[in-house]
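Chemist: One-letter residues, chain by chain:
4 protein chains.
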Amino acid sequence: MRVLGCVVGVAALASSFALGWTLSGRAARGEGEPSPAVKGWTKGKGWGPWGKGDEVGALNAMTPETIRTALGMVRQGKVYDLGVPYDAESFRWPGHNAGAIMTFRGPEGVKRQGDFAPAADPKQNPAKLAWHSCALFISDNVGTQIDGLGHITAGADDHWYNGFKEANWGGNFGIRKCDATTIPPIVTRGVLLDVAAMRQVDVLPSHYRITVEDLKATAAKQKTTLRPGDTVLIRTGTLRYWGKNGSNHDKLRQHDSAGIDLAAAKWLVEQQGAILVGSDTSGLEWGPGPKEQATFIPVHRYLLIEQGVHIGEFHFLEELARERAYEFCYVCMTNKIRGTVAGFALRPIAIR
Amino acid sequence: MRVLGCVVGVAALASSFALGWTLSGRAARGEGEPSPAVKGWTKGKGWGPWGKGDEVGALNAMTPETIRTALGMVRQGKVYDLGVPYDAESFRWPGHNAGAIMTFRGPEGVKRQGDFAPAADPKQNPAKLAWHSCALFISDNVGTQIDGLGHITAGADDHWYNGFKEANWGGNFGIRKCDATTIPPIVTRGVLLDVAAMRQVDVLPSHYRITVEDLKATAAKQKTTLRPGDTVLIRTGTLRYWGKNGSNHDKLRQHDSAGIDLAAAKWLVEQQGAILVGSDTSGLEWGPGPKEQATFIPVHRYLLIEQGVHIGEFHFLEELARERAYEFCYVCMTNKIRGTVAGFALRPIAIR
Amino acid sequence: MRVLGCVVGVAALASSFALGWTLSGRAARGEGEPSPAVKGWTKGKGWGPWGKGDEVGALNAMTPETIRTALGMVRQGKVYDLGVPYDAESFRWPGHNAGAIMTFRGPEGVKRQGDFAPAADPKQNPAKLAWHSCALFISDNVGTQIDGLGHITAGADDHWYNGFKEANWGGNFGIRKCDATTIPPIVTRGVLLDVAAMRQVDVLPSHYRITVEDLKATAAKQKTTLRPGDTVLIRTGTLRYWGKNGSNHDKLRQHDSAGIDLAAAKWLVEQQGAILVGSDTSGLEWGPGPKEQATFIPVHRYLLIEQGVHIGEFHFLEELARERAYEFCYVCMTNKIRGTVAGFALRPIAIR
Amino acid sequence: MRVLGCVVGVAALASSFALGWTLSGRAARGEGEPSPAVKGWTKGKGWGPWGKGDEVGALNAMTPETIRTALGMVRQGKVYDLGVPYDAESFRWPGHNAGAIMTFRGPEGVKRQGDFAPAADPKQNPAKLAWHSCALFISDNVGTQIDGLGHITAGADDHWYNGFKEANWGGNFGIRKCDATTIPPIVTRGVLLDVAAMRQVDVLPSHYRITVEDLKATAAKQKTTLRPGDTVLIRTGTLRYWGKNGSNHDKLRQHDSAGIDLAAAKWLVEQQGAILVGSDTSGLEWGPGPKEQATFIPVHRYLLIEQGVHIGEFHFLEELARERAYEFCYVCMTNKIRGTVAGFALRPIAIR
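Residue numbers (my numbering), protein chains in the order written: chain P, 1 to 352; chain D, 1 to 352; chain Y, 1 to 352; chain L, 1 to 352.
Derived by calculation from the structure, the hints in this document are not laboratory data. Since we're looking at a predicted model, the values are computed, not measured. A portion of the hints provided could be inaccurate.
FRET-style restraints, in silico, Cβ to Cβ [to be verified]:
#1 A127/P - P184/L: 55 to 63 Å
#2 K223/L - K39/Y: 34 to 42 Å
#3 K39/Y - Q271/L: 42 to 50 Å
#4 Q113/D - E323/L: 44 to 52 Å
#5 S206/D - P49/Y: 52 to 60 Å
#6 K39/L - R176/Y: 42 to 50 Å
#7 H249/P - Q76/Y: 48 to 56 Å
#8 D250/D - A127/L: 25 to 33 Å
#9 Q271/L - A127/D: 51 to 59 Å
#10 K244/L - K39/Y: 21 to 29 Å
#11 R253/L - K165/D: 43 to 51 Å
#12 P122/L - K45/Y: 24 to 32 Å
Beta carbons: idealized from backbone N, C-alpha and C, even for Gly.
Could you build the full structure based on these sequences and the hints that come with them?
Modeler: What follows is the structure in structure tokens.
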């Protein structure tokens, strides 16, 4: 084994120069072998802690090596767009504000108003150029989202991840710790667990509770192995009703309540090491949950506050499901707006 | 070391088979040789046309192969965040609307209002969960941007890329052709041309005109070869004054007028095959241009309307420059909001 | 009669010195006598024209004398608030944008952010002062409204009152002729026509068509005489369902379709000289009208475009109806926001 | 003429019986005599208290009688519009949000979008009707304003008028006690104190401190007597620089700091019984005040929190001043929007 070790080591070194990642090393590990150590994760316990003042949570586990590994999964160069098109008519959770997308400036208006001299002056503008721009009134919790670690608070002191408290870090212009600017660009191995397919339905029924057993059965059926550091995306099928803009509120609302229960969330994080958990619904979790639970959204509390695991919402998984694309490189960058509690109207991608 | 070199060569060859892309082939091509054919590009002429009804423009040239090639440039797994943090105080071009980021719901307010029963009812919510969400009033032309192909219009008929006219495709809710939802996820080879460094300054002076000669001199100094299909990012140094939120309007405005002239834009597209041209200013182009030109923003007209080449703005290039990271994989996904004319408050990344 | 006439004349003169209006003179006119001449009104024809460039319409007929007369109707000093409280949940016509009222600054946020030095510095602010202010995203067509003369357009040239055309006077920031700043403060005699009471119902049924005969029967039952220059308010009873914020959309939508037909509008203006016509619904007019009509809102076209008569909407008439207060002084001042096409969230008053 | 005089006297007497107000009685009271009792006011102490739960403050003192008296001041029927036209470029206090007035729907857009069937269908709409409506993003503290009693808070408990505390009555959607819907329609005697004219300047200089002596000298020069229950409007001359939309920020900011000091506010309320105090600046009060004061806006604290006296801001007094119209009937109705802390973009009127 010493020789092999040496060769592997050399090859790894070599490819890190030549290609930048360790495909061969990873491929050599059998499915039954222990997962390689992942920064900050302890099996049975989950992620962190990452230190006083940390605003990043489980995504701290991304390293150049994990990023290279994730990118190394790409074989075909095929990109799947996981974002849904958002507009003012799109379904949203009712606790967020309505929106509008408005033509702020348009060429006719620019010319009529005549308020911008370089455009209004025929000598400066014989080509009659003008511009469009839009003004948006929008929530930071619409469309395809990544919930930031400050989205949910708990307790009489209204604290969020890592003990940040409203009295210290709240404000009029959004949150001042764990806002969306603190979410790093996300590049990870991604896995789709198509629970709807496992259940042999197009879409899970209303209020369907996705359990640990469902997830295990799905992974087994797909022959998919979860690895620590994965982004895990769970398909209910709800977004087959999104259409061009999510205006079929009735259909979406109906299925949007399917999701994982708390035990499933714990299994994903503590046993499998998920670094990001997402789905194709507005809230990932099963709702409404059992009466005895501590709150109306226990999965959010667990993932965001306790584990520092970001949540992906309204990820469009239909095309991945159709092509049985269960493993891929997941890439998502949230917008960079100070104070915002989530990335919104995003366009994450899966690359194979 | 010879052995190591040999092993490296073999590993690279192996991975070119295993992974399906042509690193070695590309590396073998000498600088003097003709560029490989790139879909839709003709040297001396530029991009397209892509057909009646096309809304994508030059980005149509991205293929699984180009994407694999771009991802294959990654060696270290190091990610550079090219987005600037935006807030209501950030510098913007005055033709766009002012903005606000507002705490829409916060835990204290949620509890005081008591309007959401599952949170207000102590029996359902003993954990006292609540949430933050923000409402945003924002322009689609702020922060780090990708201008869409409908941003700029020309002529008495106010047409944009591919002949789409305001009378047909304008509207109250933004544009109905070439909106931001039509911009595909962008994964290309990226190149930084650090003109400021070539000029041996921290930042180019106000109204500095970047010419073809400047770009050639920069590429030569950097030993950087442009290739058809590249995203080309041109550094003026302006964003060294962005700070945490771009609130130093005076400094930013001063340098923001440095940029490329029309001939430089043409050279980049027609001679070099740039698929996306960006910079670290709000408008990429030199301003105000010469009196004899056809309009106040000839580069926008040329790139967006005539060539179907998207424009990148306010890309943060300081870290790349500091590390002399001149070649990388560029990845950017715009938000997916119907009607919007640009991707805004983005977070493109460069990966090496 | 000659003596009486003389005395009336003297008394009128006298009271115009002493009190400023002509109560006795007006009271002496019998119901069968011709209406006194009203500036700009011709029986059988209606209002205007008021000249090229006029943006005011029928409200030009208000004069110091008519204002004194209207104020002179006050006997008790009792003020009726005709405005409905608006918030983000209020019913509105679906063609206008959703809204939000947001705490922009609040004392906790001001203190936490610490961004305003005079408040943040304990030396300057030992009293710990702070402030509330709200940001609103709102339509100019919500709550209690006065439609301006540019609200509705007609024809291929999209013209509004007095021939102002979109191509000349439209713009990105609202309209540039007949915006709400051109609506003068309104002080007129006001009359309530309680059609619901005449029909002996609490509220008119859905789609109820109020005809000329209904209006005549109502006036006769109430013993109310209309006079040229009157503001006429027509009660359907719809706003009995407004409650604290108009959130009962189903009930409001149901009755909101009751209203006057085109003939009734013409009778009010051409035969009776109404200077402003309003009701307790979102659109005043009966809807949907007969198939043979020229458009979906013929009353709006007639009143606003052809007659230059402003329209009052969502006027709360329940208290007036309860007290059978059929004649009063009507006072309404619209907000003064450039570009806006209507006064919104208003609080007109009736004074008796 | 003796007969005429007699008739005038009789008519006045008659109307005082008939209409119920006390013009003759009031006119007969000499300047040295005690003011008639005004509900809720104690000389030397000021207004209130009005009882636990009161949200109205000094405006409770308006009664049918005071309203009749105020309206009875009208002689000419001349209306002065005291509102300034507001738009997105208007000067505002920097602690409030920027704004935008946007064409939300316009006839071209309505037709192009084709999303509203009754307008889009030529059969239903041969007249080609369409509409304009605007969307506004706006602060409740812009343009001509009436500050509500919840605008300013004090103390560690962030309380406002009548002890309402943030912890109980704050919220995400504005304030829940003393919002603008609680401000009754205001109809009072109004008095202009033209301090600029007294000082023989067009406009008071920057930071001019208006003292009790200034107010006394102004009243004496004008021969104006203040009476309990008056709205007192104090002219600095600042709004002579407002122009069409208040875009001359430099000039406005310069003079906007002229205003009354705390002693002057106390004298107006405790000695003169002002029910509402306003001016032609954004904040009424002198700023910045002396270093030894308890806060940066002591007049706001005193009037709003301690006395329950609403504040009028940015009242346009130029025309009143030009005509030396020092006494009038003041009428103002704030918009009726739940949660808002002030009436904004108002159009109060003075009637003589």
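Chemist: With reference to the structure, classify each hint as holding or not holding.
Modeler: Verification of the hints:
{"no.": "1", "hint": "A127/P - P184/L: 55 to 63 Å", "verdict": "holds (57 Å)"}
{"no.": "2", "hint": "K223/L - K39/Y: 34 to 42 Å", "verdict": "holds (36 Å)"}
{"no.": "3", "hint": "K39/Y - Q271/L: 42 to 50 Å", "verdict": "holds (46 Å)"}
{"no.": "4", "hint": "Q113/D - E323/L: 44 to 52 Å", "verdict": "holds (48 Å)"}
{"no.": "5", "hint": "S206/D - P49/Y: 52 to 60 Å", "verdict": "holds (55 Å)"}
{"no.": "6", "hint": "K39/L - R176/Y: 42 to 50 Å", "verdict": "holds (47 Å)"}
{"no.": "7", "hint": "H249/P - Q76/Y: 48 to 56 Å", "verdict": "holds (50 Å)"}
{"no.": "8", "hint": "D250/D - A127/L: 25 to 33 Å", "verdict": "violated (53 Å)"}
{"no.": "9", "hint": "Q271/L - A127/D: 51 to 59 Å", "verdict": "holds (56 Å)"}
{"no.": "10", "hint": "K244/L - K39/Y: 21 to 29 Å", "verdict": "holds (28 Å)"}
{"no.": "11", "hint": "R253/L - K165/D: 43 to 51 Å", "verdict": "holds (44 Å)"}
{"no.": "12", "hint": "P122/L - K45/Y: 24 to 32 Å", "verdict": "holds (30 Å)"}
Of the numbered hints given earlier, the model fails hint 8 alone.
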